[in-house]
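In case you want the letters, here they are:
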Amino acid sequence: MPSICFYFQVHQPKRLRKYTIFDINNSHFYEDEEANAGIMRKVASKCYLPTNQMMLDLIKMHEGRFRISYSISGVAIEQMKKYSPETLDSFRRLVDTGCVEILSETYYHSLSFLKSTEEFKKQIQQHRDLIKQEFGYDTNVFRNTELIYSNDIAKIAEELGFKAILAEGVEKILDWRSANFVYQPSNCNDIKVLLRNYQLSDDIAFRFSNRGWKEFPLKAERFTSWVHDLDSNAETINLFMDYETFGEHQWTETGIFEFMKVLPGFIMKHSSFSFSTPSETIQRYSVREKLNVPYYVSWADTERDLSAWVGNNIQDDALENVFRLEQQVYATANQDLINTWRALQTSDHFYYMCTKWFADGDVHKYFNPYESPYEAYINYQNVLRDFENVLFKQPVLI
Amino acid sequence: MYGWEFPPSISGGLGIACHDLTLALSQRNIKINFVLPNLKKATHQKSHVDLISSSDVILQHRYQNISYEDFLQNIDLINVNSALRPYLNEETYIEFLREIQKLSLVTEESGESFFKLNINDLYGPDLLTEVARYAYVAGQIANNVDHDIIHAHDWLTILAGIEAKKASGKKLIYHVHALEIDRSGINVNPEIYRIEKHGLEQADVIIAVSFYTKNIIVKHYGIHPNKVEVVHNAVSKTKVSKIKNIIKKSPQEKIVLFLGRVTFQKGPDYFLEAAAKVLKKQKNIKFVIAGSGDMINRLIERAAELKIGRHVIFTGFLNREQVEEVFAASDVYVMSSVSEPFGISSLEAVLFDVPVILSKQSGVAEVLKHSLKVDFWDTNDLANKIHALVKYPALQNELLVQASEELKHIQWENSAQKVEEIYKASL
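Chains as they are written, first to last, in the working numbering: chain G, 1 to 398; chain W, 1 to 427.
Rather than coming from a laboratory, the hints here were simulated on the basis of the structure. Only a predicted model underlies this, so the values are computations on that prediction, with no experimental measurement involved. Check the hints yourself; a few may be wrong.
[As the list claims (entries may be wrong)] For lysine to aspartate or glutamate, the following EDC-like pairs were computed, each having C-alpha atoms within a straight-line distance of at most 16 Å:
hint: 1; chain 1: W; residue 1: 391; chain 2: G; residue 2: 386
hint: 2; chain 1: W; residue 1: 281; chain 2: G; residue 2: 23
hint: 3; chain 1: G; residue 1: 356; chain 2: W; residue 2: 378
hint: 4; chain 1: G; residue 1: 356; chain 2: W; residue 2: 381
hint: 5; chain 1: G; residue 1: 18; chain 2: W; residue 2: 381
hint: 6; chain 1: G; residue 1: 82; chain 2: G; residue 2: 23
hint: 7; chain 1: W; residue 1: 360; chain 2: G; residue 2: 371
hint: 8; chain 1: W; residue 1: 277; chain 2: G; residue 2: 23
hint: 9; chain 1: G; residue 1: 18; chain 2: W; residue 2: 405
hint: 10; chain 1: W; residue 1: 280; chain 2: G; residue 2: 371
hint: 11; chain 1: W; residue 1: 369; chain 2: G; residue 2: 371
hint: 12; chain 1: W; residue 1: 391; chain 2: G; residue 2: 317
hint: 13; chain 1: W; residue 1: 281; chain 2: G; residue 2: 134
hint: 14; chain 1: W; residue 1: 373; chain 2: G; residue 2: 371
hint: 15; chain 1: W; residue 1: 391; chain 2: G; residue 2: 371
[To be verified] Residues of chain G placed beyond 10 Å of chain W at every Cβ, according to the derived structure:
hint: 16; residue: 151
hint: 17; residue: 279
hint: 18; residue: 313
[Said to hold, decoys possible] Each pair of labels, with its calculated beta carbon distance range:
hint: 19; chain 1: G; residue 1: 117; chain 2: W; residue 2: 225; range: 53 to 63 Å
hint: 20; chain 1: W; residue 1: 211; chain 2: G; residue 2: 186; range: 48 to 58 Å
hint: 21; chain 1: G; residue 1: 96; chain 2: W; residue 2: 211; range: 23 to 33 Å
hint: 22; chain 1: W; residue 1: 366; chain 2: G; residue 2: 26; range: 30 to 40 Å
hint: 23; chain 1: G; residue 1: 26; chain 2: W; residue 2: 198; range: 53 to 63 Å
hint: 24; chain 1: W; residue 1: 219; chain 2: G; residue 2: 209; range: 29 to 39 Å
hint: 25; chain 1: G; residue 1: 82; chain 2: W; residue 2: 225; range: 43 to 53 Å
hint: 26; chain 1: G; residue 1: 389; chain 2: W; residue 2: 393; range: 44 to 54 Å
hint: 27; chain 1: G; residue 1: 211; chain 2: W; residue 2: 28; range: 35 to 45 Å
All C-beta atoms in this analysis are idealised placements derived from N, C-alpha and C, irrespective of residue type, glycine included.
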């Protein structure tokens, strides 16, 4: 009796404004509020609002049998409150149905786990508090930035009391195994890991509007038949994707909404298929095997590693430079400074600095507000230089 | 092929492009009769006798005195006596004529025999007359030399190409390295523009060194885009000598380099304004302006006015060895051109491990993606980027790692292959 586990990622970074040498020591305001407001409102109208409405209708129509989960970054919620409160309200209505699970992540959608376990834990707690405050909801399941995962990350999540963690179901960690079962990290005894079925997830998230794809145009019936084919050798089919798939990455004109509106109905025509949230999934199915992942995997690019965010000279340098300030930042006990510093850890800043494939132009370019990775780095370094100057003038309180 | 400059007398990108492309073509077994304007070289004795008597005589000989003779076996150099040089304008042409006159006087003083040389008997009294004279003389070569294609580089030789086409009826290719629009901005010389437009219309195929240049050809000269092929220039690895390993960059004082003709087209004034802005934030930098040109005096005055004279070095014209030395010592290379059809020197900078900031108004920016780019007029942005390169070493490292990788694919062999395809298609 397999179930489908949908999880959607909702995230919008706080983009930096163009910040030059002429701003250093003159202006301590780093955010591009205009761009951030504009993008939040645009994505809200194209994706968040219509998709939330569609999900709400589906939940009502299927009388609670259609169940989904979200992870919404802290910086995304902050910006919804500021620029699109109706979006946050519509998420609240979804949570109120009881058919929606909210997952934990780092508040700043950051790479903090790479440099500081303490900072990593603080940001998870900050996000947990925010979810409690905005949705009255206690989280049970953790997913890390861009599905970055390893034994060590699983261990920390277990220590923090999470019951499950999500990861990419990539061959290099699965070997002969299937992603469609519940596993347990090899170094843990309690927490479970759910693995993304990347073939089926990417059929919707990436290939849906690809005219060169042999399955184009993908119909819900066809997709359902692939899901149903897994009947005898799957327990959970984990479809994890960016929420912006609906209406933003795949435009309305591609038929993505029509596809999604009928999909749950088609899937549940087969009586043994149902929908579960991650917490329900780990209760329904028992652990099949232990899974050993001694290195980082992610859901990014074809490499499914960290190379979108770290590894080249400018990325490593920038990451090093921001974390160098950790002690000094906390020594000020100034919450504004702490938050500004944390916002500089958001993974997107480092993604913009990726030189891999830059010359070819690809998905990295699409999401990049900068003309080149080098411009991203220069801007970031200028901001950091000013922040440092401000920081070292602060009285040390602790 | 009607081209420009061969070693040892190369003064700019046009000469380098002609030479390196020809070499790469000859390696593809394409036989080239390379016609170039040249002053009849004075022989050791009774030089000007020879000079006068052979004023309009075409000399044909194998190029001697070279280490890579194997490559050159497919190239015949044909010198045509002419005072044409690349980058000449009306004034500099007259100046050049005066210099030739002076040179001949020196020989007269030291030589034994005395012959009065009247320069105007040899060369056109003004640039356009000389271009026309050259076109006629050089064009006639097509009657005597077997060929399948006529290939002319830039406006100074396109008329010769057209004459050759009249003589032999073969297809004419106009290879555009620069246009009057690039050189002079809004102060376009209408005569030169007319020659260029005529050439572009008469040519059977046009080769542009970049999409940037193709766009100008289509937009400003009204040529149909289908007639214009783009073949990017490249850089040859052999350009890097041992100097690179001898000269070490200074860790204390950074050097930011401008290299090129100090003329309107190259935007040295924007470089200087940006320098002043950087120096307000960061003192331990020297800005080097390497090259000569008609804007030098104005720039020296402006540097004084900006009170940055101490930080700006004007080197004057540099020979090849000096160019390599200054590349090797530099930390940042800036190409601030107002309009740059290609810009080979920025590829050379990368060969010398110097990261580059390119004008977006350039052709090279199309192939060197791993570079910093600015609008030439945006001196704030230029200052911001110079500062970043000087201040953040990781930026320099990553740019060089990536650009060096990119350079592996920017080779003359690829350009020559494209040119050969164009030849074959037009036969």
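Against the structure, the hints:
| no. | hint | result |
| --- | --- | --- |
| 1 | W/391 x G/386 | 14 Å, holds |
| 2 | W/281 x G/23 | 11 Å, holds |
| 3 | G/356 x W/378 | 28 Å, violated |
| 4 | G/356 x W/381 | 25 Å, violated |
| 5 | G/18 x W/381 | 10 Å, holds |
| 6 | G/82 x G/23 | 25 Å, violated |
| 7 | W/360 x G/371 | 12 Å, holds |
| 8 | W/277 x G/23 | 13 Å, holds |
| 9 | G/18 x W/405 | 29 Å, violated |
| 10 | W/280 x G/371 | 26 Å, violated |
| 11 | W/369 x G/371 | 11 Å, holds |
| 12 | W/391 x G/317 | 13 Å, holds |
| 13 | W/281 x G/134 | 45 Å, violated |
| 14 | W/373 x G/371 | 9 Å, holds |
| 15 | W/391 x G/371 | 20 Å, violated |
| 16 | 151 | 30 Å, holds |
| 17 | 279 | 43 Å, holds |
| 18 | 313 | 4 Å, violated |
| 19 | G/117 x W/225: 53 to 63 Å | 59 Å, holds |
| 20 | W/211 x G/186: 48 to 58 Å | 54 Å, holds |
| 21 | G/96 x W/211: 23 to 33 Å | 56 Å, violated |
| 22 | W/366 x G/26: 30 to 40 Å | 36 Å, holds |
| 23 | G/26 x W/198: 53 to 63 Å | 55 Å, holds |
| 24 | W/219 x G/209: 29 to 39 Å | 35 Å, holds |
| 25 | G/82 x W/225: 43 to 53 Å | 48 Å, holds |
| 26 | G/389 x W/393: 44 to 54 Å | 19 Å, violated |
| 27 | G/211 x W/28: 35 to 45 Å | 39 Å, holds |
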